Amino acid sequence: MGTLTYAGQKYPLDNEKILLRGCTLRNTEWCFGLVLFGGQETKLMQNCGKSTFKRTSIDRLMNVLVLCIFGFLVFMCLILAIGNYIWEINNGSNFTVFLPREDGNSAGFSAFLTFWSYVIILNTVVPISLYVSVEIIRLGNSFYIDWDRKMYYSRSDTPAEARTTTLNEELGQIKYVFSDKTGTLTQNIMTFNKCSINGKSYGDVYDCTGQRLDISEYKDPADFSFNPLADPRFMFYDHSLVEAVKLENPEVHAFFRLLALCHTVMAEEKKEGELFYQAQSPDEGALVTAARNFGFVFRSRTPDSISVVEMGNQRSYELLAILDFNNVRKRMSVIVRSPEGKLSLYCKGADTIIYEKLHQSCRKLMDVTTEHLNEFAGEGLRTLALAYKDLDEEYFSQWKQRHYEASTTLEDKESKLDELYEEIEKDLLLLGATAIEDKLQDGVPQTIEQLAKADIKIWVLTGDKQETAENIGYSCNLLREEMNEVFIISGHSPEDVRQELRNAQNSMKPNGAVNSLLLFEDMGKHVNLIKDEVADGEYGLVINGHSLAYALESTMELEFLRTACLCKAVICCRVTPLQKAQVVELVKKYKKAVTLAIGDGANDVSMIKAAHIGVGISGQEGMQAVLSSDYSFAQFRFLQRLLLVHGRWSYLRMCKFLRYFFYKNFTFTFVHFWFGFFCGFSAQTVYDEWFITLYNLMYTALPVLGMSLFDQ
Amino acid sequence: MVKHEQEESPNRPDNTAFTQQRLPAWQPILSAGIVIPGFVLIGLAFIGVGVGLFITSRDVQVLELDYTGAVATDPCYKCSDPSIKDCKCTMEFHLDTLFRGPVFIYYGLTNYFQNQRKYGISKDDNQLYGDLDTFKSPASECSPYDYDSKSKPIVPCGALANSMFNDTFKLYRMVNGSKKEVPLNGKGIAWWTDQNVKYRNPSGTPLINAFNGTVKPINWPKAAYELDTTDVYNNGFINQDFLVWMRRAALPDFRKLYRRITKDEYQAGLPAGNYSLEISYNYHVLSFKGKKKLVLSNVSWMGGKNDFLGIAYLVVGSLCVFMSIVMLIVYAKFKFPEED
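Chains H and G are the protein sequences, given in the same order. Position 595 of the first sequence, counting from 1, maps to 595 under UniProt numbering, and the rest follow consecutively. Position 314 of the second sequence, counting from 1, maps to 314 under UniProt numbering, and the rest follow consecutively.
Next up, chain H with everything else stripped away, as it sits in the complex (with noise of 0.2 Å):
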């Protein structure tokens, strides 16, 4: 971004030295800053902005229908306009002995007046007031949302809130859920849950004849009461784990430095003792977590140095670089010094990526390290790799001095150190894998079952790896075992995508495949609607993030989305935000469906902003996604409620308030209008005039409202 120039020494001004607006600066009391962009030109002004206005296909539907109306109303007075030119002919010229006619007025004059005259009368079949009454209808469906107490979190003390009254209606028709997984389907409470270390396998409780133990209904927690700082809260089952530390296993020692080293985990201690951890993610403060427990505790950081209590004694390593974490990189790295003046390379990430970059030394514990990975992934638990490396001294300083420069660059800086990282994340030697457990969010799997009983189809976008997600899709009932076929699509290449995505749809309709591939090309090109399609059976299908890459690609957009509508559960894994937001908007743009986005974190922004209507669950990861979502609630399973319920409600409501809005004020104006062939089309008045003014407003406002906020 730039450079700073201070006595002679150049600074890199890169992204990480930017406060961003609403950004709270702690562990320091001052800083010197500059500022770069102010009010509206500040990121969270920028991204506000972009919300676009939501509507309804209610709103649209009635604006037709007015415009229809109103044709209508013209229409009506044409009719009587032409009606009294005729009676002014006929009747109204001999009947002047009683009504004399002014002079010039002739029957077409008389007419044209006429036109006006009824213009006024029959203007209550134009419902004006109905714009009123739709968004009081509205209002009140959207408080009763927010009063509802089954939609209400006691442990969060959070109730839900309708953030918008205009969309009321639309949750009645929702076809589609997008759903984030993490603090959405489950509680984004993280646990360090098991771990493999040096081929070992810690974690799992097995009974005297080696059976497994579910861990739930076994309640003997390990003693950490050899170390003063521990967290009460921690709770791990395996005592083996403890034996293994307190016999200074230096492997073990080894994986515990790590975790409490390499993060970016703000520690704070008010008291001496008592350590609170301010963590970007909870995964990074589960693992730093587990490693207080086990021994090697830590306590606070500084720009340039971390400081540690390994198994009691006062630790301080010099921090000599961050190597952070990205979605690109998927790991993060950190250089220490140790107080022996060792230096090391420290290095957690995703376990695929972790893998490329290991030595060749370390393929036995690859294998058996990578049966355990499947194993914890399996279980449905979330993983990482940790690894490590011995740094030369000479080649450090070397490597920092590029380092440098290649910060201080403006050009292309970006590129230039992801080769550095790359360079300098090599040859590393494996230490094991953690596993941290993310448990499913109360009522979940019932939750699913009934939307999917309503017909609704619900999309999970995770970031997750594939046998998570999977696992996860089978533990809520996303897919389930009398499922005909679970289709798995993990491509590499767009012929491979294509075929994978072909091979599902023939499997899925057998018939007619050949006919809808034509198809697709006439309506790519003229009609922009997919029609729905009912499949032979029941299926599921889950896509990983780089074949989901290519599937998103315009050549194959239309085939993903084929083969997706015809599964009843589509499970998406390793997507980045953006491919969030571009499948809600493939759905949007080729079905003619309602769609719902439903997350918590910031990664669901951009889907919640893009779907017709957008849910914000406010649960861990901050405030972001509720406050740019429609409505917001605690939990998953309220939205079972906010749809089945209230949605319906609302939807049907509207309906008969519409029906119902336009037979009263049709009926009241036919009466002038059948009236008009009668007193020669001369704009009588069948009722008093404050009758037909306050008829909307008064006489007839109640009956209607009441019927739609309490008809069920």
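Among the hints, a few may not be true.
No more than 30 Å apart at the CA atoms, straight line, and that leaves these computed lysine-lysine pairs for DSS-like [claimed, not checked]:
#	chain 1	residue 1	chain 2	residue 2
1	G	K335	H	K664
2	H	K426	H	K342
3	G	K222	G	K118
4	G	K335	H	K453
5	H	K200	H	K246
6	H	K175	H	K589
Treat the hints as calculated values from the structure; they're not laboratory data. Predicted model only: the values in this text are computed from it and were never measured.
With chain H fixed as given, assemble chain G onto it according to the hints.
Frame of chain H, contents of chain G only:
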């Protein structure tokens, strides 16, 4: 949960029937078991009401006498020329049976657009309420009947008042070859509110003083204060015939109450026999293809003769029964087992 109510967080929504949408509600479930018997019952009820109405309506006696004189053979043909003044004509009619009392006499006009808007607003309500200011300057709606050719204000002004029906009738019964007049009662034929609230004579006696400086409507043979000089409460703007005329008819074919026959031996009705109707023919309607008639009628509990209502009930009731049979057949043929 209930026990900890006092600890409840203010964020927790109130537990009331209204906020929790637990207000009692009822939604009919329209199953065949309800709808078919329901239709039969409604149908039978409608048929019952329809039969009652129809029979009642059939019992109402109506006698219509068209005296327009449009055809040369009509007894009033000689009077139909507007140039003839003070023309009288007589119509004979015969009653086979007793015409049950109380008998109402109406005059009827057809193709007469009393409901025309411009015609209807051509009056001054303040003037008719006895406001003396408007006697000097009638409202502009009355135009062209607000001032006469000498710029004198017309009272009552406007086309509506000006066109007041002014034929008069006398009814005679032929007893042993001689005419005997049937007494007609002109009291209580207007709306009570019209006579006591909406219309009012200007203050001051005699009534004629208030009308100083005004002229009578052009078509009227005599001024408003001369409508009934025998009865103060039937004179001026509260004259019953005037009030009846001023309450506009809703449709172009209408009849208005003229007199009632309530007195003497005619309380029970008009006995069978020959009658003679003497008409003072002053009102000309042929220019706009109108017709005039005199109607004798008695009433039942449902009002005057109206076959339509009874027939409408019968038709709707029969349709209901018919539809219930159709539905029964459909139901028997395609019974849906899951409906229960």
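Hint check:
1. G/K335 with H/K664: violated, 36 Å
2. H/K426 with H/K342: holds, 18 Å
3. G/K222 with G/K118: Holds: G/K222 and G/K118 sit about 25 Å apart, inside 30 Å.
4. G/K335 with H/K453: holds, 26 Å
5. H/K200 with H/K246: holds, 16 Å
6. H/K175 with H/K589: It holds: about 14 Å lies between the C-alpha atoms, which stays within 30 Å.
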